[in-house]
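> Each chain, written out:
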Amino acid sequence: MSVLLIAEHNNKEVKPFTLNAITAASQIDQDLHVLLIGSKADDVAKSLSEVPLVKKVLHIDHEIYENYIAENYTAAILKHADKYSHIICSANTFGKNLMPRVAALLDISQVSDIIKVISPDTFLRPIYAGNAFATVKSNDEKKCVTIRPTSFEAAETTGGSAEIEKIDAADQTENTKFINREEIKSDRPELGTARIVISGGRGLQSGENFKLITDVADKLNAAIGASRAAVDAGYITNEHQVGQTGKVVVPDLYIAVGISGAIQHLAGMKESKVIVAINKDGEAPIFSVADYGLEADLFEALPQFLEELNKLNTIQK
Amino acid sequence: MKILVAVKRVIDYNVQIRVKEDGSGVVTDNVKMSTNPPDDNAIEEAVKIKEAGKASEIIAITVGEEKAQETVRKALAVGADRGIHVKVDNILEPLAVSKILKKIVEKENPDLVFMGKQAIDDDCNQTGQMLAAHLNWPQATFASKIEVKENSLEVTREVDEGLETIEVNTPAIVTCDLRLNEPRYASLPNIMKAKKKPIEQINASDLGVDTNPRIEHIKIEEPPKRKAGIKVASVEELVQKLKNEAKVI
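Chain order of the listed sequences is A and B.
Counting from 1, one number per residue, gives the positions in the first sequence under the numbering used here.
Counting from 1, one number per residue, gives the positions in the second sequence under the numbering used here.
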């Protein structure tokens, strides 16, 4: 049997994490079909068909799918679920919202947020904010799995030519209405996929002081992250939060500034390749995961950091 | 309007987890336990809605072993009116918990069910959505703002791109995010009063729900440790190390 991956998109483009999920799904079974549920999303169908790992694109095109509503997506997925051994999507707010609804109606115990495919029924997943890894085997006949995107490489996007099959829409729910979405537009790289992330915590003391972070981010072409404490304090908006209940990031370089390193924050960044911590409290737990720790007052260190970066002839972007 | 709030007892969020040497799980003996943090937000929101005169009764429910009752008692101390404790001996998967909650919803007929968006032990993030599916109710997950209207809720949700607002007709399920509100502490008089509030005990086995595990835990292990790093003496040294040693800038 084939595996079915649910694509996340905005009717114009595939969202990047879908490409990571495609890689994971193809490790479960190479006969990978992608289900695209959208409205006037032909461009998305085309780009998915060009992903070499994708064997077939199922495209449902209907205006009721202009905005993503889990209830409507679920009904569409259920219409086609019986032909597949696995139903898969990314474990971000899209997939977390959607997959349990699908799983429950198929009477499947979902395997959430896997970081490794061991075999088609056995997976590795973090629990307790990544402080333990569980090897789990699903004994359900059919499986619902969500993928931690940062644990898998993004699939190649060119060279494929999968068939696109148009299929029918399902019924629309009357009980949920989309009202609006406030997307914060930014020229910076996305937090989830950036090569460098610089994050600020409570140590920044105010939203205005985040400018010290953004100045360095501009120089390094980095994404901006934040600890829960900084978001709770209103210094910065929620989509910047890194941690157990925020985003999980795995950049080449993670710079934590004025972040003490609570367990739940470490859960979101400790797999980063190189970690830098700048904190004036030498005992802060963040230093236990840092490759390079600098015990210093961030209000002095950040401007100096920018100055030193300015002295470099070249900076990798 | 009646609100059912589901709460879970988990290892306290400040505790450093230790994995058992035999790979069977994590150490829970003599470890501080508390209410799953976003479940506290769920209770708080229900209490606020009741205080605003828009709800008549709040029922707190937990599914768990004997001691899980402490979480219900805590909910009673901050404003829930009565409690339900569904007793189970082993740890249940979210699918089984959602089936148990469905039975309770059918009995109690609440207009809203609130719970945290995710439990910080298994990090599954499933139960609310699964319950919504079983009941064929709308779901509003990761809520950071709830506005109660007549026969509906307007819910702002924290999503990857920012904030999304949806309107769901009641009855509905809402899973709560940490920024929904600031959970209050229980006052001593309210803790005393909570001791007199009723908690109904139900055996899960009496509900006629299949709670058999579908997922086998083959091994629980410690994640790979990061090798110890170094402290640098100056910003200059830091930048040199990043450039020449780590080669990341």
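Source of the hints: derived by calculation from the structure; they are not laboratory data.
A virtual CB, placed ideally from N, CA and C, is assigned to each residue, including glycine.
Be aware that a few hints might be false.
[Stated by the list, open to error] Here are the simulated lysine to aspartate or glutamate pairs, DMTMM-like style, with alpha carbons at most 25 Å apart:
(1) Lys107/B / Asp107/A
(2) Lys273/A / Glu153/A
(3) Lys145/B / Glu182/A
(4) Lys177/A / Glu147/B
[Said to hold, decoys possible] Residues from chain B that keep clear of chain A, each with C-beta distances beyond 10 Å, as calculated:
(5) Arg73
(6) Asp81
(7) Ala96
(8) Lys103
(9) Asp122
(10) Gln126
(11) Gly162
(12) Arg214
(13) Glu222
(14) Arg226
[Stated by the list, open to error] Derived, one-sided and incomplete: chain B residues facing chain A with beta-carbon distance under 10 Å:
(15) Leu163
(16) Pro198
(17) Ile202
(18) Ile220
(19) Ala233
> Now, for every hint given, state plainly whether the structure supports it.
Now for the hints, and whether the structure bears them out:
no., hint, result
1, Lys107/B / Asp107/A, "22 Å, holds"
2, Lys273/A / Glu153/A, "14 Å, holds"
3, Lys145/B / Glu182/A, "14 Å, holds"
4, Lys177/A / Glu147/B, "14 Å, holds"
5, Arg73, "24 Å, holds"
6, Asp81, "27 Å, holds"
7, Ala96, "8 Å, violated"
8, Lys103, "14 Å, holds"
9, Asp122, "6 Å, violated"
10, Gln126, "4 Å, violated"
11, Gly162, "5 Å, violated"
12, Arg214, "4 Å, violated"
13, Glu222, "7 Å, violated"
14, Arg226, "5 Å, violated"
15, Leu163, "5 Å, holds"
16, Pro198, "30 Å, violated"
17, Ile202, "21 Å, violated"
18, Ile220, "5 Å, holds"
19, Ala233, "8 Å, holds"
In terms of the numbered hints stated before, the structure departs from hints 7, 9, 10, 11, 12, 13, 14, 16 and 17, listed from lowest to highest.
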